[in-house]
Each structure stands twice: as structure tokens, then as C-alpha cells.
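These protein sequence lines are chains A and B, in that order.
Each residue of the first sequence is one higher than the one before, counting from 4 in this note's numbering.
Each residue of the second sequence is one higher than the one before, counting from 87 in this note's numbering.
Don't read these hints as lab results, they were simulated from the structure.
A quick note: this is a predicted structure, and the numbers were derived from the prediction, not measured.
Treat each hint with caution, since some may be false.
[Unchecked claim] Keeping only pairs whose Cα atoms sit at most 27 angstroms apart, straight-line, the calculated DSSO-like set for lysine-lysine is:
# : chain 1 : residue 1 : chain 2 : residue 2
1 : A       : K32       : A       : K141
2 : B       : K195      : A       : K103
3 : A       : K141      : B       : K195
4 : A       : K141      : A       : K74
5 : A       : K162      : A       : K32
6 : A       : K103      : A       : K162
Each chain, letter by letter, is given below.
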Amino acid sequence: MTTPAVKPKAMIQDNTRCIGCRACMVACKSWNDRPADHTEFFAGEGYQNPRDLDANNYTLITFNEIVTGAKPDWVFGRQLCMHCEHPACASACPTTALSKTPLGPVVFDESRCIGCRACMQACPFVIPKYDYENLAPKIHKCTFCADRLEVGLEPACAKVCPTGAISFGDRDDMVAEAQRRIAMAPGTYIPEIYGLEEVGGTSVLHLSSVPFEQIGYITGLPKSPMPDLTHRWLRLTAPVFAILYGLFAGLSWIVRRRMRHQEHDGEKG
Amino acid sequence: MNWRIQLTWWDKSLLVVMAVGAVFTLLRFACGIGSIANINNAYPWSWWVGYGIMTTIAIGAVGFTITALVEILGVHRYHPFLRPAVLMGLLCYSSAITMLTVELGRPWKVWMVLVSWAPTSALYEVGWCAFLYLNVLALEFVQVPLEQLGWERMLRILRVIYIPIMLLGVTLSHLHQSSLGTLLTLLPHKVNILWWSDLLPLLFLFSAIMAGPAVAILEHLAAARWLGFKPRMDLLAGLACIEAWLVALFLAFQMGDLFYRGAVDAMLSASWFAVSFWVEIGFGLFLPLALLIMPEVRESKSGLATACGLILAGVLLHRLNVAVIGLRVRHWETYTPSLGEVGITMGLTAGAIFAFGWLARILPIHEELPPPQTSPHPAAQPVGALRGGEG
């Protein structure tokens, strides 16, 4: 039996189909062994709970009160790791504790992590979270259920979504499907796929009925991969090292030789 | 040799600050980072990295700038600054490494950096370079106690490797001082336009080089006052002249970069960012430059102390502006440094100053002072160019 070539996977998060049931959040906790939280309503709007992603919550349905037409309405959004095609977090990690697998998930290897939190700093979506209270803290974020993907299953959240708001498949197919949905119902969707081009493309593609910034998404991100920003400089490391060392060695040699000559002349004089 | 010193009022104050820092450090290791720090999921670095690492390493640049000036450019009249500079470098890097063990979530795993291959990570480069450079500094400095102890064989080995090691140290410094800036080039969406630049690596490198002579001047003045010798005003004036050029060049570079990036509107906007920016530029660059171009300032102790103190504060504020004040995440969480965060960094800084004061009294660090009389081997051969005496 030949193994088929690995095709990168992706999810569509179709916010227009979301009813805010939070089954995805429950399934996510269940699969990832995250404990339940004792939460309180925060000062924000609606019934959103908890306020934000954290070490115990790898995905979150956001409740956004928006006036659509004449009356206020809830428009749901979802937060989870975007699983970038070119992950800034993985590029920033000094120990390769984060890496992107061929199937698409950006995964965390606890055994390599030193806890520098460069990934948290680097992530343009503010996704990786930390358990600061823990004495052996680690990075927490959506895993794309990499362990399920390995054995041919879909992510837990996609599995349980009762309204088809979460679709899972090959990324090429998912992009085509997202484009098809927008084309079929231009009144329902804004003509934008969040994640298609953001920071060079991601493995989670979001659709929405309202502009993404209205439902708490970070917009205005560059279209080019984030790691390019540092790569431009870091690829120069080896040549710059060689050039500088050579330059300093040469300078030092010339200066020392001249000093020796001066001393020599001094002795003669 | 004699390790004991008479503790002065200054030493005791520093010890108190160190004790406070130690208490917070104990708490951090007993109850976790979250128990004492305000860093959170949106602001995972902040004060510890902005001050504890980035500023400390910038101050540590005094080690490689003075080494390059004396040993590579061969300006030997500044030799009296060399040993203090190397010692300050060593202490700054040690302090940064200690900061790292507090700041990292899993400090017992830090060796992982050395067994990984992560060329895309700026932190990986900083980690490797800083680790190697700390060793270089230790090798450079260890000659001083070895001379006192009279370990001739070790000294002979060190003498042979001194020049390649010294060159390595200066090269590594260029690399990681700039890589600290590269770290932040990854955050164009977080760092304010006033400070985020494509050229952050060069800005960090040049500001570190600029910090070097200023720190050397301040140290010399402070040591002259508290250890009791006559400051070498002729040398200080010369170093101040170099410093004026460095400040002018850095100012031109930073301003040129801001204009090129079209950040003029942000410079003139009514925001706290702009205020912080103008404090940094005005008091950290313009004012000291105006002071240093006056010969009477370069020749006065208080003038030099003021100008160099301002430059040092300017570099500190630049690091804080980039990594803390100007770094804003579009998120509901906010950040202000906690007492514990500041307490630990203050303890570390106090520790470094205390260690410097102690070593400066038991070892021949300053050429202006008579060597400590307790050496059992006064005839030990001086080593390489780090030798104690002139010429």
C-alpha cells in the first residue's frame, strides 16, 4: 500500500452559520484534557464567557453585539490558533519547540520549551497563552488536534459543530469552498476570507457577515509571511561574522605591526 | 590574596537592594512568575526583557567598544579604561544571564538553545552569541585574578589565545547587539511607528556602541571619586570627543530613518508616545550632544557626568520605548511593571555594582591606583595587552 502524498489541511470557520452553542469549546476542552473554569461575566457585552483564550481554553466563541439592519444582533466570531502557513511563533522559537507539521498544524513540544515566550510575543494574532501561576509553565494553544489528524480524524471542534459552521478538509478544497460560499450568497458574506492571505496564509479560514474588525479580529496584518522580517537579517549572520572577524583581524594585525615598527624605530633612534 | 573589603555606606545600601531583589526572586521560584509579575498573555516580556536583558546588554557594550578602541584600533592611550570596561561587560552579561533564569518559565531547560538548530530565531542567535561572549569576557578578565594568584601556566595559555579570543568577542558583540533589535523587527504590528523600523538591528547596534564610551566615562569618574584617585581628565576629554561624534552620528541615523519611514506625523502628534520619544531624543541625544561639543564640558567632571548620564538614560529609554512603552498589543489586557519585576532587576543591578566595587578593591582594575599589596607573586608577568601597566 502506498501512502498518498500529504496534503495540507485547513478549516473553515463560517461565522454566518454559528449559533453560539459553544459545542466546539466543550469538545476542545474534552479532547485536550483542559479543566473546567470557574468563570464570571466580565464587563463586556453579551453572554461571552470566558473573556479570552487562556491556558485552559484553546478556542473561544466571541459574542459581539452589532446593529444589523434596524435592531441589535449577536454576531459570533471564533478565536483559535490560525496555524499560519509561515508561523511567526515557530520562527521566533530558539529551540524549535514549535513547528509546523506537513499536515498543517503548528504544534508545541513541551520537552524543548525553555519558557522564553518569544512565540507569544511574535504571534500577530495574540494566540499562544501561558500559565504564569505554574512552576513548570508551558505554552497553551489550539493544536488543530494534530493527534487526531495523524490518524485521519477531523479536529474535535469540526466534528461536533451542529450547524456546519466548521468545515475541515484539504486546504485547496477549503479555499475553493469558502470562495464558492461567498459567490453563492454575496448578501450573507462580506467578500473576504480572513486567513487566505493574512501573514502569508493560514490553515484556518474565517468567513463573516460583517467586517472582521467588528467581531474582534485583528485586521490590517501584512500579507507577507512574518518570518521574512527577521530572516532578511538573520540570513546575513554567517557572512557578517566572517567579514567582521576578518576585518577586525586585519585591522588589528596592521595596527600591531605598525606599533612594532615604531618600537623598533624607537630602539634604533 | 585578600578577599575582604571594608564595607562602606554605599556597599551596605547596595546589599539592602540586593536583599529585596533576592526576596522577590525566592517568591518567584517558590510560587511562580505569576505571583510577583504583571506580565500577562498579551505582554509576555516587558520590563524584565526591556530593562533586565536589553538595557543591561546595551550597557555591557562598554566591554567590546573599549576593547575594540584599544586592542583593534590600537589607541593605546585609553588603556586605563580597558580592565574596568571588560569587568563591567562581564558583570552586565552575568546579570543578564541571571535575569534570564528568573524570566524564563523553564530555566532548567535553557541548555536546549545550545543543542537546537533554529537559524530563523533571533533569540537563538542572541542566546548563542551572548553565551559565547560571556565566556570570552570571562577568559579576558580571569587573567587579572590569575596574575594575582601567580598561575603562570594558565596565563601562558591565555596569552597565546588572547588576540583571536578578543577578536571573537568584538565580532560576537556586533552580532548579538544587533540581533536584540532583530527580535523586535518581528513585531511591526505591535511596536509604535516611532520605534519600529526595518533597521532596528542597526539602531540597536549603533546605540550600544554609543553607550560604550559614555559608560566608560561614568565609571572612571565614579571610581575616581569613590576609590580615591585623580581622574585622567585628558583621556576623558578625548573619550568625550569620540562620544560626541557617536551621538551625532546616531542622532543623524535615527532621524534619517524616521524621516525615511515617514514617521514625522507621529513625531509631532499629541500622544504619550511622542512625549516619550522627544524625551528620549531631546534629553538622551540633543542635550548631551550640545553639552559635549563644548570644550569646557568635556574638561569638567560634572559636565561629563551630566552628559554621559543623560546618554545612558537615553539608551535605557530607547530600549524601554521599543520593548515596553511603545509596544502595544490590540488586546484588552494592559501592562505596568510590578514591584516584584522592578525589585528583581534593581537587585540585579545593585548586585553588579556591588560586585564591581568589591573586585575593584581587591584586584588591580584601575591603573591609577597602586596594586593591592597582598599579592603573593608581585613579579608575575603581565599578560597580552590586558597587562596592568602602560606600554
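Cross-check of the supplied hints:
A threshold of 27 angstroms between alpha carbons decides the hint, and for A:K32 with A:K141 the separation of about 17 angstroms falls inside it, so the pair holds. The hinted pair formed by B:K195 and A:K103 meets the criterion: a straight-line CA distance of about 22 angstroms does not exceed 27 angstroms. Taken as a hint, the A:K141 and B:K195 pair is honoured in the structure, with Cα atoms around 12 angstroms apart against an allowance of 27 angstroms. Annotation: proposed proximity of A:K141 to A:K74 is violated, straight-line Cα distance about 44 angstroms (limit 27 angstroms).
Between A:K162 and A:K32 the alpha-carbon distance is near 13 angstroms, which keeps this suggested pair within the 27 angstroms criterion. For the suggested pair A:K103 and A:K162, the alpha carbons sit about 22 angstroms apart, so the restraint of at most 27 angstroms is met.
The structure is inconsistent with hint 4 alone, although it conforms to all the rest.
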